Structures are given as structure tokens and as C-alpha cells.
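For what it's worth, the working numbering labels the leading residue of the sequence shown as 420, then goes sequentially.
Treat the hints with care, as some may be off.
Straight-line alpha carbon distances no greater than 25 Å define the calculated DMTMM-like cross-link-like pairs of lysine to aspartate or glutamate that follow [to be verified]:
(1) Lys491 / Glu504
(2) Lys679 / Asp568
(3) Lys701 / Glu629
(4) Lys577 / Glu480
For each label pair, taking beta carbons as the anchor points, the in silico distance ranges come out as [what the hints assert, rightly or not]:
(5) Glu665 / Asn590: 46 to 54 Å
(6) Ser513 / Asp702: 28 to 36 Å
(7) Ser513 / Gly709: 39 to 47 Å
None of these hints come from the bench; they were simulated from the model.
Keep in mind that this is a model prediction, so the values were computed, not measured.
C-beta atoms are modelled at their ideal positions from N, C-alpha and C, and glycine is treated no differently.
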Amino acid sequence: MRVWPSWILAPISRVNRLIPGGALHEIGNNTQNDRDVHNLFESSAPHLKMNEEEEKIAYAEILKMGIPQNAKYVCFHAREPAYLETIYHNGDYSYHNYRDSDIYNFVHAAELLAEQGYYVIRMGAVVREKLKISNDRIIDYSANGKRTDFMDIYLGAKCFFYLGNPDGLSNVPMIFRRPAAMIDVVPMEYIISWGSNNLTILKKYWLRGERRFMTFREILDSGAGRFLHTEEFDRCGIELIGNTPEEIAALAIEMDERLKGTWQTLEEDEILQRRFWEIFPKDAVDAYQGRPLHGEIRARIGAEFLRQHRDWLE
């Protein structure tokens, strides 16, 4: 996989713009940044691929991690502030700490997937602590000294599916058309709505003053579904509650069974899905440029999540 560095591309781009008709040779800003509102991923193959040399390097690294040849693995990742605090230590990025998750909420799901025969790989370039777990099939790649930028890309590109937060790392498996099971998604209006192999469950909005959870409609009607700063939630007395280990495990098992073709959808599940998407604002736009956040809805909300919170659909 070869990508030209910006110091080569930038002058070429500038020269191209001086040539009459040069715009025809540029892709331009014609999508919606990282939002696949046209469902292009499902209508095209990945534009990037590993070359033979890179495949050999990756194969050797995977063997070093104790993963046998051709074994299936799932990547999981919990967003946390350690990365930004380390890489961009001169800036204050606490305004979106509301998006963070607890890595130990993934352990139950990882153990269930390991029981299904998968190797389960904890991702992350910078993490606060090692994962304290003794299961040979659950690999703390982020903290075992074997992590590299190249393998971050390779593992995300080849995983059976990705389980984690919608963040920068989650874009890698999506680019390579790998299914994604997204947890702790917030804000609600920015849900991953594209890709028929994508599943999502949301963070829960707890009203401190009333000591209760908000319904989906309340979240949307109040404007809280598009808050992008921790201070906005605090100002409105909203505490965001992360998905439980049981909710994450249920989503992981649903994804596994859907990909294997063994998932059994109940009539109730289809009713709950329809009710959720009837409430959801499909015409939502992003807060900065007013671009559409959604096209044709193809993703699904986790079945068990909606079953457990059906009262929020009222």
C-alpha cells in the first residue's frame, strides 16, 4: 500500500489548479468528509490494498502475537483521552471527552468472542493502562510492545469486524469495507447510518435533576442529539452513561451471528427498528458546514439494545 506524502502532492495540486481544466483531475470535496451519505462503500471495492512485501511483514508480525495463520480476529478499541493528551499535549481536547469509553466494558464481549474461536485484539496507539486479563486469545496489542503504525492499518483492514467507538481509528476498517459494531455513539444525530453490515448502540442521556433517562425523542427535540461539547451536556444537566458490558457483548454476538448468517431476526426487532428510524431526523446536517449527515439508511441499531430500551421509543 503506497500513499504519496503531502510534500509531493501539495505542489502537484497547486500546479494542477493553474492549468485550464485542471479541476477535472481532482476529486474535490464532494462527499461529506467522513460521512458515507452516498453509500459508496457498498457500491465499490477498497481503493487501497497491501502489496506482497507488506503482506509478508504483516504475516510475520501476526505470528509474533500468537495468532495462527488464517485465524479470524476481531479488533476492539475504547476511545480515551490518553492519545490526544500525549500526541497533542499542548492543546486542550477535554471538550469532547464525553465520547470516551471504559476499556473494561469490552472484556465480557472479548471473552465471548474468544469462546467462539476468534482472536480478539485490543487496539490503540496510546493507552493509559494495560488490559489486565489472562486469556491467550485476547491480545493487548496496544500495550504489548508490538504495536506499529503499519500494523494499526493492517489489522483494521483485515479484521473480521471492528468493535468500538466512532473515532479516527474506526475509519480504517470502514475504508477497507470491514463491518463495524459501534458502541457509545454520541451525539445521537451523528449516528453511523450507512452500510448494511454496520450496527450501532448509543450512549444514554441521564437527566441529573429528574434522575431519569431521556427518551430518544426528548434527546432529539431538545437539541441534545447534536451537542458536540462536554460543556453543552453539563449546562443542560445531562450525564452521558456508557454502554454496559452486557450491551456491548450483545452487540458483538449479534454482529458475529449476522456475518455468519445464523442471526434470527424477530418480528419485534423489525418493529423496533422502524420505530427508531421514524423518530430519527434523516435530514440532520452537521453543525459546522450544514452538510447532510445521512443518506439512505442502511445500518441498524443493535437489536438487544432496542429491546431493553423500547420505552425510549414512545
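I'd like to know which numbered hints this structure contradicts. Please list them from smallest to largest.
1, 2, 3, 5 and 7
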